[in-house]
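S.K.: For the protein sequence lines, the chains are A and B, in the order given.
Position 257, counted from 1, in the first sequence is what the working numbering calls 257; the numbers after and before it change by one each time, with no gaps.
Position 200, counted from 1, in the second sequence is what the working numbering calls 200; the numbers after and before it change by one each time, with no gaps.
Simulated from the structure, these hints should not be mistaken for lab results.
You can trust all of the hints, since none of them are fake.
Since the list can't tell identical chains apart, any single copy or any two copies may satisfy a pair.
Under the rule of at most 35 Å between Cα atoms (straight-line distance), these lysine-lysine pairs were calculated in the DSBU-like manner: (1) K69 with K116; (2) K112 with K273; (3) K204 with K3; (4) K202 with K3; (5) K198 with K3; (6) K72 with K133; (7) K204 with K273; (8) K27 with K112.
Single-letter residue listing:
There are 2 protein chains.
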Amino acid sequence: MNKWPAEVTIKEVGPRDGLQNETDFIKTEDKIDWINLLSKTGLSYIEVTSFVNPKWIPQLADALEVASKIEKVPGITYAALVPNLKGLEGAMAANVDEVAVFMSASETHNRKNINKSIDETFPVLKEVVGEAKKAGKTVRGYVSTVFGCPYEGTVAIEEVIKVSETLFEMGIDELSLGDTIGVANPRQVQEVLAQLFKRFAKEKLAMHFHNTHGMALANVLASLEMGITTFDSSLGGLGGCPYAPGASGNLATDDLLTMLDGMGISTGVQREKLTKAALFIQEKMGRKLNSHYLQAFNPSRCPVNGGGA
Amino acid sequence: MNKWPAEVTIKEVGPRDGLQNETDFIKTEDKIDWINLLSKTGLSYIEVTSFVNPKWIPQLADALEVASKIEKVPGITYAALVPNLKGLEGAMAANVDEVAVFMSASETHNRKNINKSIDETFPVLKEVVGEAKKAGKTVRGYVSTVFGCPYEGTVAIEEVIKVSETLFEMGIDELSLGDTIGVANPRQVQEVLAQLFKRFAKEKLAMHFHNTHGMALANVLASLEMGITTFDSSLGGLGGCPYAPGASGNLATDDLLTMLDGMGISTGVQREKLTKAALFIQEKMGRKLNSHYLQAFNPSRCPVNGGGA
Chain A
1 MNKWPAEVTI KEVGPRDGLQ NETDFIKTED KIDWINLLSK TGLSYIEVTS
51 FVNPKWIPQL ADALEVASKI EKVPGITYAA LVPNLKGLEG AMAANVDEVA
101 VFMSASETHN RKNINKSIDE TFPVLKEVVG EAKKAGKTVR GYVSTVFGCP
151 YEGTVAIEEV IKVSETLFEM GIDELSLGDT IGVANPRQVQ EVLAQLFKRF
201 AKEKLAMHFH NTHGMALANV LASLEMGITT FDSSLGGLGG CPYAPGASGN
251 LATDDLLTML DGMGISTGVQ REKLTKAALF IQEKMGRKLN SHYLQAFNPS
301 RCPVNGGGA
Chain B
1 MNKWPAEVTI KEVGPRDGLQ NETDFIKTED KIDWINLLSK TGLSYIEVTS
51 FVNPKWIPQL ADALEVASKI EKVPGITYAA LVPNLKGLEG AMAANVDEVA
101 VFMSASETHN RKNINKSIDE TFPVLKEVVG EAKKAGKTVR GYVSTVFGCP
151 YEGTVAIEEV IKVSETLFEM GIDELSLGDT IGVANPRQVQ EVLAQLFKRF
201 AKEKLAMHFH NTHGMALANV LASLEMGITT FDSSLGGLGG CPYAPGASGN
251 LATDDLLTML DGMGISTGVQ REKLTKAALF IQEKMGRKLN SHYLQAFNPS
301 RCPVNGGGA
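Please construct the entire structure, taking both the sequences and the accompanying hints into account.
M.R.: So this is what it looks like as structure tokens:
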């Protein structure tokens, strides 16, 4: 019988990765209230916003105000996405705990996403990482399209390794491997991780799955079996698939918790408080969010947390 | 690294388990046309209808006509659900290849579902199994609520073993273990299977997962790792969760295929022909079905079948 880790860290990316892929602008005070609710759930990590050019992502144009005004709870790491030195300035002004830089493993997605080739991106991120580390921040790196690219299809493992190595050489503390379009399968996840474990400590790798094809939790299970203990997710499954309106996007934090709780894997996250935060943002979005937990939410009939066999 | 089976048998239950949980009545000729399309996909097993009292399930009141008029393709097993001797008469009249009997592992669900206690159900099924075997049919048994009951919550493994043993003693050829409300988690799946493997050959066990909480494919993966090679699923995810309108019900055949194809596990099912059958029944249902495959269906942007790493 397989063994799984006893504890897992859930990194909540909803306020950034969720909201940036929604068409609606959520009011600044609602974002702040939501993050404050998230801070009470037992989550130890919340990515609160992105300091990108508001022309690119108007939904997060209030990054500085949000990151500055949330009530920071000791013990929680508050992170923000940063594309360049200008973005880093904002993140520093808001005094976030951690900075996240990002790029893609596939050339075409990288160009479409940040308007630079992969090789042109490296020096920009190197400067950001260097400055952030100098300022005493920890830095997270994201690699997108690790398991497939919407433009190129298959992505060679060599490309993933090249980008990962370069980011670690810059000094990032953790690397999040993104299945941007939700095409990874469990075999692929284990094969890619086996290659990466030859080069990097598994404790420095996190998985960022999307549920576009319903495989996110199967891929989490495959990762757990490889010893991965850090997973990104977005409460309520906020953030659709940009290539398929109506389809699932980010793995939902509430669904991830269902599986981990059921398996007896500790996360520190409390279901009732998480649900309170989910219902809050669901109301602000004005539509039922597409996590399985919220879709099936019907406490009197479907007991989710009944426990083991 | 884990090893998975090289081949898996998918048993399509959409025409029965899918349609019986939909509120609409699908026209008899549409059901027949749909099953005929399913027969061209490479599937080797199709559960075509249920010979239950039409008062219980009016959606399948045309069982005899459907089961009699489909074009049977050699090599495919056409099965029908049968609750009692009267149902068996219909199944025999339609000359189905296999008969499926059903009951629950939990007392309350069994009473609500078939209006009898578990002990009262045994002699009824024993007679059906005996008569079906005498007539040269193979017989499948279904156990519902193996991993949780909507009324009782946790279901003791002893109850599952008792019902399973009694069904095998009656002479059933295969037992399908149902996660009726979609609450199973991978650890529980492996623990339950480990107990059942002490008593029954794994080749005689099939898994029937619902995706209510998004864990169906993770549970498939957990089952594959235990050596299970037969899975039930419903095309398009037809058949909602009766306890949560709008929530996912049956594991979708098209989503199961995405994962198995991606992992290089052979099923014999051809994606294009399966999609043709899925789009046909989707049109007849008059709404977008809730499988991830159909929700994300957008061939030009989201290449699902790009293959391995």
